[in-house]
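Line by line, the protein sequences are chains G and D. First residue of the first sequence? That's 1 in this note's numbering, and the numbers climb one at a time after it. First residue of the second sequence? That's 1 in this note's numbering, and the numbers climb one at a time after it.
The set of hints was computed from the structure by calculation and includes no laboratory data. Treat the hints with care, as some may be off.
[What the hints assert, rightly or not] Pulled a few chain G residues facing chain D out of the computed Cβ check, cut under 10 Å: (1) 50; (2) 116; (3) 119; (4) 355.
[To be verified] Derived pair list, reagent style EDC-like, types lysine to aspartate or glutamate, alpha-carbon separation capped at 16 Å: (5) 601(G) / 629(G); (6) 118(G) / 91(D); (7) 39(G) / 97(D); (8) 39(G) / 121(G); (9) 228(G) / 308(G); (10) 64(G) / 121(G); (11) 42(D) / 77(D); (12) 42(D) / 22(D); (13) 118(G) / 97(D); (14) 261(G) / 242(G); (15) 545(G) / 631(G); (16) 39(G) / 91(D); (17) 228(G) / 242(G); (18) 118(G) / 94(D); (19) 42(D) / 94(D); (20) 379(G) / 369(G); (21) 320(G) / 369(G); (22) 39(G) / 10(D); (23) 118(G) / 99(D); (24) 463(G) / 406(G); (25) 39(G) / 79(D); (26) 42(D) / 91(D); (27) 601(G) / 589(G); (28) 228(G) / 264(G).
[As the list claims (entries may be wrong)] Sample of chain G residues facing chain D (criterion: CB under 10 Å; computed from the structure): (29) 20; (30) 22; (31) 25; (32) 39; (33) 43; (34) 45; (35) 46; (36) 99; (37) 102; (38) 104; (39) 112; (40) 113.
For glycine and all other residues, C-beta sits at the position ideal for the given N, C-alpha and C.
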Amino acid sequence: MLRRPVKEINAEFSAEEKYLQSIQRTVRESCVAAGMSRKDTSAVLLATEEAATNIIRHAYLYEKGVIRLRVVIYKKLVVFSLIDFGRSFHPSTAGKMDLAHLVESGRKGGLGFYMIQKIMDSVEYISSAGRNELRMIKRIGERPAAGKPLLRRMFSLRVRFSFWTLFVVSVIIGSAFYYIDYETSRHLHNRLDGTVLSLTQTIADQASGYTLRSRSYVEFDELVISYKRANPELELVVLTDENGRVVAHSDDIHNIRKVYKPPDSVDISIMGRPQRYTADGNQHNYLILPVERGRAQAGLVHVVYTCDPIYEPLSRARRKVALLTIVLLVFGVVGVYMLSNYFVRPIVNITRRVRRFTSGDLESELPLEGAEEFFDISKAFNEMMTRLSQDRKNIVAREKMAKEIEVASQIQQTLMPRRLPNVAGLELDAFYRAASVVGGDLYDVFEIGPGRYCLVVADVSGKGVPASLVMSMLRTVIQINAAGDTSARDTLIRVNGYLKENMPAGMFITVMLAVYDAGARAIELVSAGHNPMLLCRVGSRDVRKINPAGMALGMPVTLGPDFDERLEQVRIEIADGDMFMIFTDGITEATNREGRQFGLKRLADFLVTHASVDVCGDVPTLTGAIVSEVDEFAGFAKQNDDMTFVIARATFRGDGDETDSHAGTDTLDLKASDNGSAESSDRL
Amino acid sequence: MDNINISLSEGTQDSISELRVDGVIDTNTAGELEEVFDSLLKRGRYRIVVDVAGVDYVSSAGWGIFISNIRDVRANDGDIKLANMVPNVYEIYDLLEFDNVLKAYPSVDEARGDFGEHAKVAVAKKKAGN
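Please model the complete structure; the sequences and the hints are all you need to start from.
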């Protein structure tokens with residue numbers, strides 16, 4: 001039985017192998033605190049290292065996670081719990097390990113578990129609701145070799161109950177026996193004392209009468225002898241005169257006239273009350289009464305009597321009581337056994353049921369029986385079971401779903417361009433981070449013809465699986481429709497033509513699509529309701545946002561003006577060192593804890609101060625700088641939108657082209673396309 | 001940080017390989033020992049004496065190397081013998097009942113000796129063959 005814990009230690013560690021030593025240190029300290037032997041300590045350390053390593057490797061697969069260590073020290077045992085929140089391990093793969101089997105298999109797996117089982121006195125693995133606990137119990141001190149189960153049974157609840165109840169019953173019956181015996185004996189003694197007292201009184205009265213009439217010694221002698229003969233309990237009757245000399249003696253006539261000397265332990269001043277004394281190993285009673293003559297005391301009657309007459313009835317009574325006691329005890333034992341059954345059986349049932357539950361049976365219920373308390377426990381347990389199995393089903397379903405989403409996420413990852421193509425004259429980089437497991441953003445850079453490249457960033461409305469599925473479709477649709485010598489505007493019109501027939505109702509997509517022409521050193525830019533592009537001219541201290549008109553893709557045709565009509569294409573000539581960035585609103589709308597958004601202005605400012613090669617070096621470095629700037633702003637606030645951007649810097653230097661010479665001069669000049677889209681590009 | 005030091009001496013007179021290991025055999029260091037074992041077994045050297053006098057801790061990763069290879073080694077007429085276990089390590093070896101599977105010796109010489117005539121005969125045959 002567990003008593004109150006002496007000490008409890010809780011600690012949490014990051015699930016990494018480099019923290020194993022810290023875990024071990026805590027375990028070692030706990031073992032020392034529990035007073036465990038050095039040998040047991042090193043064994044326990046081995047077991048916990050094994051368990052912790054398993055968690056890091058198999059529960060978390062080396063991913064981030066925590067290991068919680070809980071050590072509860074009791075007087076005679078220590079409970080070590082290692083808790084994790086990773087993948088649970090399937091007991092079917094463990095079971096009881098057998099060394100011969102391990103050797104035969106030639107595998108290392110399972111050895112760890114074998115060792116833990118061998119070292120610990122009890123090992124339990126409890127896994128529910130994403131929390132796994134390996135509970136290991138180690139007894140302090142030598143473990144009793146084979147006698148362990150017996151020892152445990154000896155201290156089972158039933159045995160304890162029986163022992164204590166029997167003890168109490170025995171004490172009660174024993175006391176009753178003692179009391180009855182004492183009372184009987186006292187009663188018999190009193191009766192004997194009473195009889196002897198009245199006899200003695202009679203002798204004293206007669207002696208007094210004889211004294212008055214001055215009878216002879218012979219008469220006194222006859223008196224005492226006849227009394228003694230008539231009453232076998234009387235051992236000695238002596239009559240003395242006022243000087244203490246013997247007048248009559250029942251046993252020896254030669255004592256007459258001599259001074260009578262009672263036994264030493266008798267106090268002759270006590271009259272009329274029996275005194276008990278022992279002589280020759282026997283118990284005797286002594287009674288003294290005065291012989292009165294008129295008002296004066298003429299002498300004393302000394303009577304010695306034995307208790308023999310009461311022994312016979314006393315032992316008879318004792319036999320009766322003893323028999324009764326034995327009968328009661330037998331009934332007591334049987335009763336206690338039955339009672340213990342009555343009390344213990346429901347507990348045994350509940351235990352058995354709980355064990356079945358831990359081994360996976362969630363269905364069967366506890367019978368509602370036993371005392372009210374057990375009835376309540378059983379009822380509560382059944383309710384708990386029902387709820388748990390319900391929860392378990394939910395968890396299984398949720399886990400299945402999570403797995404499916406994970407698969408979706410993996411598929412989605414493969415849909416993003418694995419590597420950006422080498423684009424002549426552009427130094428490119430892209431960034432994508434989904435807010436949840438699956439995202440709805442898309443970026444892509446691909447070649448559509450000789451020297452012509454398509455750069456896309458898109459944002460599908462909504463989140464989660466539906467958005468990610470549409471996003472997957474979108475990438476393919478754009479790639480197919482952009483191929484060839486198509487202009488950016490025509491590509492988007494075709495994409496929209498396909499999507500409006502095939503989009504789920506209520507969803508739409510914003511896209512910014514740029515076609516970069518390496519020969520012409522210009523980009524054609526179209527925007528389907530997307531947020532603006534940022535353009536940073538080299539040498540200038542400012543940045544422009546370029547926002548061609550256009551509606552989102554996949555909107556129902558009946559709403560508003562026609563998509564094709566509204567779609568505007570902007571043409572921008574690029575000079576060496578110019579930098580542009582197309583992105584989704586996950587960047588500008590990144591929100592910090594105070595609810596403030598990162599904003600376009602902040603992004604533009606950051607870009608203009610960091611755009612030059614001197615400040616930030618190559619484009620990937622700049623990408624990192626932008627991301628960390630946004631992250632720093634947002635802090636740890638959870639973002640609910642994906643963050644995506646494609647960033648490019650023109651690097652015509654080294655192409656041996658004369659563009660170099662005027663690169664610095666026309667940076668502020670934005671050449672609009674035939675649509676005259678100068679209005680759509682604003683200075684920030 | 002825990003470290004491991006392994007030195008290998010392969011006798012030319014007999015077919016016994018002697019490994020001297022110092023330090024700690026745990027999750028981090030077991031890989032190194034395993035490599036040595038793999039290379040020995042690959043070259044058909046199945047008679048191995050491991051001198052663990054300088055080892056004061058062996059985790060399951062370490063025991064795993066011995067336990068997982070012992071079957072193959074014995075099938076090839078060899079053995080893995082542990083010599084000079086320090087009390088710490090021996091206690092665990094005893095507690096985990098590894099004595100049923102792996103043989104332990106108080107000294108390297110005794111471990112070598114236990115390969116006995118067997119090893120010498122093998123060498124003799126080899127010499128005769130040459």
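Comparing the hints with the structure gives:
no. : hint            : result
1   : 50              : holds, 5 Å
2   : 116             : holds, 9 Å
3   : 119             : holds, 7 Å
4   : 355             : violated, 27 Å
5   : 601(G) / 629(G) : holds, 13 Å
6   : 118(G) / 91(D)  : holds, 13 Å
7   : 39(G) / 97(D)   : holds, 15 Å
8   : 39(G) / 121(G)  : holds, 15 Å
9   : 228(G) / 308(G) : holds, 15 Å
10  : 64(G) / 121(G)  : violated, 31 Å
11  : 42(D) / 77(D)   : holds, 15 Å
12  : 42(D) / 22(D)   : violated, 23 Å
13  : 118(G) / 97(D)  : holds, 9 Å
14  : 261(G) / 242(G) : holds, 14 Å
15  : 545(G) / 631(G) : violated, 22 Å
16  : 39(G) / 91(D)   : holds, 7 Å
17  : 228(G) / 242(G) : violated, 22 Å
18  : 118(G) / 94(D)  : holds, 11 Å
19  : 42(D) / 94(D)   : violated, 30 Å
20  : 379(G) / 369(G) : holds, 10 Å
21  : 320(G) / 369(G) : violated, 42 Å
22  : 39(G) / 10(D)   : violated, 35 Å
23  : 118(G) / 99(D)  : holds, 14 Å
24  : 463(G) / 406(G) : holds, 15 Å
25  : 39(G) / 79(D)   : violated, 28 Å
26  : 42(D) / 91(D)   : violated, 32 Å
27  : 601(G) / 589(G) : holds, 11 Å
28  : 228(G) / 264(G) : violated, 23 Å
29  : 20              : holds, 7 Å
30  : 22              : violated, 13 Å
31  : 25              : violated, 13 Å
32  : 39              : holds, 5 Å
33  : 43              : holds, 6 Å
34  : 45              : holds, 8 Å
35  : 46              : holds, 6 Å
36  : 99              : holds, 6 Å
37  : 102             : holds, 6 Å
38  : 104             : holds, 7 Å
39  : 112             : holds, 4 Å
40  : 113             : holds, 9 Å
Checked against the numbered hints above, the structure breaks hints 4, 10, 12, 15, 17, 19, 21, 22, 25, 26, 28, 30, 31 and satisfies the rest.
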